[in-house]
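Enquirer: So the sequence lines, in the order shown, correspond to chains C and L. Sequential numbering of the first sequence, starting at 160, is according to this note's numbering. Sequential numbering of the second sequence, starting at 91, is according to this note's numbering.
Rather than coming from a laboratory, the hints here were simulated on the basis of the structure. Be aware that one or more of the hints could be misleading.
Claimed, not checked - Which stretches of chain L does chain C cover? Using the computed rule of at least three CB atoms under 8 Å from a CB of chain C, they are: (1) 263-275; (2) 292-305; (3) 311-320.
The structure displayed is predicted, hence computed values, not measured ones. All C-beta atoms, glycine included, are put in the ideal place defined by N, C-alpha and C.
Below, each chain spelled out in residue letters.
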Amino acid sequence: MAVLRLKFTKNERDKLAQVLWILNWISVLTGILLFSLGLFLKVEINKRGELMAERDIQYVPNMLIAVGLIACAINFLGGKICYDCVDTNKFLRWKLIMLPYIICTFFFTFCVLVGALMCYSMRGELEESLNLGLTEAIRFYKDTDTPGRCFLKRTVDMLQMEFHCCGNNGYKDWFQIQWISNRYLDMSQKEVVDRLRSNVEGKYLMSGVPFSCCNLNSPRPCIQQHVTNNSAHFNYEHQTEALNLWMRGCREALLEYYTHIMQSIGLTVLLTWLFELSVLTGVRYLQTSLENVLRQGDLNSESDGWLLENSFMETARTNLNIIKCLGKGNQIDTANNGDPNINVPSTSKAHYGPDNVPLKEIPEAS
Amino acid sequence: MPFMPVKFNLQKRVKLAQGLWMIYWLSVIVGILLFSLGIFFKIELRKRSEMMDNNESHLVPNLLILVGLLACGVNAFGGKVCHDSLDPIKFAKWKPMLKPFLLLCCGFNALLLLTALLCFLMQFAVYLTLAEGLKNSIKFYKDTDTPGRCFMKRTLDLTQIEFRCCGNNNFRDWFEVQWISNRYLDMSNDLVKDRVLSNVEGKYLMDSVPFSCCNPGSPRPCIQHHLTNNSAHYDYDHRIEELNIWTRGCREALFSYFSSMMTSIGVLIIATIILESVDMAGLKYLTTALETMEDPENPECESDGWLLEKGVKETFGDLLAKLKTLGKTNQVVEGGDSVSIL
Numbered sequence: 160m161a162v163l164r165l166k167f168t169k170n171e172r173d174k175l176a177q178v179l180w181i182l183n184w185i186s187v188l189t190g191i192l193l194f195s196l197g198l199f200l201k202v203e204i205n206k207r208g209e210l211m212a213e214r215d216i217q218y219v220p221n222m223l224i225a226v227g228l229i230a231c232a233i234n235f236l237g238g239k240i241c242y243d244c245v246d247t248n249k250f251l252r253w254k255l256i257m258l259p260y261i262i263c264t265f266f267f268t269f270c271v272l273v274g275a276l277m278c279y280s281m282r283g284e285l286e287e288s289l290n291l292g293l294t295e296a297i298r299f300y301k302d303t304d305t306p307g308r309c310f311l312k313r314t315v316d317m318l319q320m321e322f323h324c325c326g327n328n329g330y331k332d333w334f335q336i337q338w339i340s341n342r343y344l345d346m347s348q349k350e351v352v353d354r355l356r357s358n359v360e361g362k363y364l365m366s367g368v369p370f371s372c373c374n375l376n377s378p379r380p381c382i383q384q385h386v387t388n389n390s391a392h393f394n395y396e397h398q399t400e401a402l403n404l405w406m407r408g409c410r411e412a413l414l415e416y417y418t419h420i421m422q423s424i425g426l427t428v429l430l431t432w433l434f435e436l437s438v439l440t441g442v443r444y445l446q447t448s449l450e451n452v453l454r455q456g457d458l459n460s461e462s463d464g465w466l467l468e469n470s471f472m473e474t475a476r477t478n479l480n481i482i483k484c485l486g487k488g489n490q491i492d493t494a495n496n497g498d499p500n501i502n503v504p505s506t507s508k509a510h511y512g513p514d515n516v517p518l519k520e521i522p523e524a525s
Numbered sequence: 091m092p093f094m095p096v097k098f099n100l101q102k103r104v105k106l107a108q109g110l111w112m113i114y115w116l117s118v119i120v121g122i123l124l125f126s127l128g129i130f131f132k133i134e135l136r137k138r139s140e141m142m143d144n145n146e147s148h149l150v151p152n153l154l155i156l157v158g159l160l161a162c163g164v165n166a167f168g169g170k171v172c173h174d175s176l177d178p179i180k181f182a183k184w185k186p187m188l189k190p191f192l193l194l195c196c197g198f199n200a201l202l203l204l205t206a207l208l209c210f211l212m213q214f215a216v217y218l219t220l221a222e223g224l225k226n227s228i229k230f231y232k233d234t235d236t237p238g239r240c241f242m243k244r245t246l247d248l249t250q251i252e253f254r255c256c257g258n259n260n261f262r263d264w265f266e267v268q269w270i271s272n273r274y275l276d277m278s279n280d281l282v283k284d285r286v287l288s289n290v291e292g293k294y295l296m297d298s299v300p301f302s303c304c305n306p307g308s309p310r311p312c313i314q315h316h317l318t319n320n321s322a323h324y325d326y327d328h329r330i331e332e333l334n335i336w337t338r339g340c341r342e343a344l345f346s347y348f349s350s351m352m353t354s355i356g357v358l359i360i361a362t363i364i365l366e367s368v369d370m371a372g373l374k375y376l377t378t379a380l381e382t383m384e385d386p387e388n389p390e391c392e393s394d395g396w397l398l399e400k401g402v403k404e405t406f407g408d409l410l411a412k413l414k415t416l417g418k419t420n421q422v423v424e425g426g427d428s429v430s431i432l
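Excised from the complex, chain L in its bound form (with noise of 0.2 Å):
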């Protein structure tokens, strides 16, 4: 008893070869699609690793980008079937490759699950890494003469402008760490020396924040230092005043741009899954269509075509069969070893 059986004659089956040979090119297309959103994932990832210390994960765009390039072969070659499945002379060719093909794409389907499956689970791993790299960003953002990290400024500059934000959590983790270099700092001067002996650590420590944190849309003149002081500015409350610096933290900033871009990617991985899923279904129509042709030579003759050749359970307990003799083979018979000694 087949599953799911469906009649087709010579139009029905014209009529699927060319649908199913249309939804194979649209299935490379979602393959070129994802290998570049891979790429561009790829690509953001390292633009902001000087944020996540070097440590980030390029797992899910190299698999992405992997992904998309085996969508891409499997569908031009599913195409390629497509197309020569109506002439029975080229058909021909194909057809013992057919039931590996659709292992295959059994595999890939599973692979596609997987991914789709870390695109959501690794945005916890970016989020702790964010954390972890801004906080040591803010730290090293004073030392421009040290090689490797002369660019952490402009780097924390340029994503604090981009991003709209301030800080790790908020603004107030730049009045925890010395941020401006000691090359900068007049040590003759007594209100320095004052400041840099009360600390434990003998940091240079003040309410203030770099310019990169100031908001462009606040009406007034952007107020950088003594920012917990309100005597220090004239119509100054730092409890109500909004609109002065950025109020977001970073690394919430930095997370909600990733966590955006790997949802959206592994929405349109289930979507490919499925797509995929259509392709086979379809195929496997089609060659079962092809293959249980009465009169091979006479085109115009109905056929079957099926999704699987016995039920569901049938085919399971089939499966598990045959894999139950794969592993018996390599069991020796005992009693062939009795019959040879004699």
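Bound-form chain C, shown alone (with noise of 0.2 Å):
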């Protein structure tokens, strides 16, 4: 009771060969394209590394390369084995390697779907990534002159203006740090000094966010410092002010950012999935189709093709059994206490000659 059975004739079995070879050659850039789309995404991470503490997030685009470029090579040899099942002499060289090709590649578009929900998975650890990272980052703000944050305080700025949002959660985690180097602060002004001492760590904390918070579409020019104080300003209102800063947080403007990324990225490594299973399924009917063509011996004549020879339950059970006689190969028959020099009778009929007279026994000489 085979699985699926459908009848092929040898033009049908020769346009699914021309069929699956263009569909090969199709898979081969879709492989190239996963490879591109997890490139794309190390790009990304890596453009943001400073912006992010360490945190396992590489696996996703590493899992995409890797998968990308087996799918390349997978494929290719797949669309030169359907290019040669047309010939059924070129075919022959292939028969041996096509079961086993079927069954690597089954096992393979695992793989592709994993990478695909891994591409959904990613997300809590980036916000974590993200949240401890971004603090660090306005931590540092300052230390321009720190080798290794030289940098710091342009990639704050710049992601700031780019991605039109203000500090980890909003603005006011500008208020909590000191963002301004003690190298540009006036130690002899005393208004400086009395700042420093009201506060318990010794930093200057004031009420003011960098320049790249400034939002754009503001009528007025932006307001920077003093931003709570509203009789600093004429005609201000901080509370209800809602255009002079970036009210949104940075870390959920990446966050959004990277989640746009990632499902698009998952929604292209689902399809190009069905699209394997369903190349592989073309080639499981050719295969079993040429198969049976050359067990019948008319190469022009109709033959059946099929997903499995016998139902699920009987082909799931066929190969449990091969494993476990695999496995009991190096295993000691334990019948005679593990004594394998005890002679057992044999329980099949001799066959003693064309008379079928049993041999006289020779009496031994005593």
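Hey, can you piece these two chains together into the complex? The hints should help.
Expert: Shown next, in the form of structure tokens:
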């Protein structure tokens, strides 16, 4: 009882082989697409590597790159096989390889599916990484003279301008850290010294934000200093003013950006997985129908193609038995307490020549 | 004495037809490229039209779009002719159209040359439009409540951030205009009143720049206000400070952007002219080779191909003579009148 049996004439077999050849080449292109999507994601993550704390998120683009390369190789081989399948002589070359190839590709499609699912699961790790990374970045904003952190100010400023965001959760994050380096503070001024002394940790805090938080859409020139002090500016109320600074936090902005990228990549990988699966089904039908034709002997006749020769349960049982026997080949037979030298009487009937007369026992010399 | 004759046998003719067909399709792709470059250029001009007072000339992108479409059409037709040229029945259809087609190609090449020239010359116009437009943009920066100029502030801020520039010639342009609207100035404040009264035109001028002039690469937080006053900031000397705000003017920045775009488009057009000339030469050789076959029924025979039937000077002489006779057909022959009267 075969699974999804179909009849194939010679014409249909040839057409199937040609169509599969083209589809395999399209699959090579989708493999290249997967590879480039993985590369793109890797580049995007590394671009903002300074803003992300150490977290294990590189596995997703690496997986996509590996899957893309393997897909190219597998489908290239598949294309070659299908191209040769039109000619039965050439098919004999590939006959032994085809079944292992199909099994390998079947397991490979699972890898593709896992790759797609990983894209969606990366979000949690990414959020954690961004949270920690941005907190650190804002803290080290002022350290433009410390080697290794010289360009952090520039990176944070460009980030806030590009993604239209301010701070980690909001603009108030800037009020809690000192973002002006001591090199630019006049320690001889009374106000500066007072402010430093009034803070427990000796930090110069103020209700001001860097210029990169300024909102372009504001009708009035940007108010960066004394943001929460209504009387410091004419006709200004900070509780209702929404257009002066960017209201969104950078973590939310970056997370949304990366989630959007990964959702699109995940969708593309899922579609690629479906495509690969359908190509694999076609190759399986081609393989079984060609093998049946060879078994029948007449190359121009009709033949059956199927997905599995017996029903699903029987195939599973047979394969499990094969695996068990493979395991048993190394085991010792425990019937005679493990001693292989005991003579076990034969239960099969012996054949003693044409007249079937058992041999006379030669008496032993005592 | 034909100009640059070449002998062709069957194999050479076939090779020429195939090679020419491929070159024609390459030219179609180049035509599509020109078309999309024209559209890209038009979009870029539209995006920055506020900086140019909505006064910019769209001649070059429109011409590019037209030329791109024409190139596609002309080269596709040429490709079809080449494809059919080896089949005598199909080629007979196209034979009468070939001479006008080659003349059309000549005219098209002249149009391409004109477009390339314009690409190089219109850069001056762009420069002047930018200078005028940016001056007005800075003047109208504060008018975010005037209909038609609400978004001037946003556009200018975006331009300064994107192109890393400040002001028209440099940042001092901001010192000469009032860029803070009166709506946000506290007129009851003495300082404000003094400053406004001290100015002849009653403008509130100060040595400050908007936030979009700030350079993110500066190691210190941006100094926007009291730029020329060294004592207003700790450890600050405005004469040697280069990293604080962008020192380049926006006119120079925008002009170099558009100029590089127009120069590369011009170079591409010159390459297209060369490609089109190669196409025309190839087609002329192919058609003459097919026409001079002694025995049309026998495809194996040899034939000659050339660029011009007579030498260059003779062809020009013939052309001039033809133009003269075209002019003369409208003139009345004097002898004829007297004959008819009689």
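Enquirer: If a hint holds in the structure, say so; if it doesn't, say that too.
Expert: Evaluation of the provided hints:
1. 263-275: holds (count 6)
2. 292-305: holds (count 4)
3. 311-320: holds (count 3)
In the structure shown, no violation is registered for any of the earlier numbered hints.
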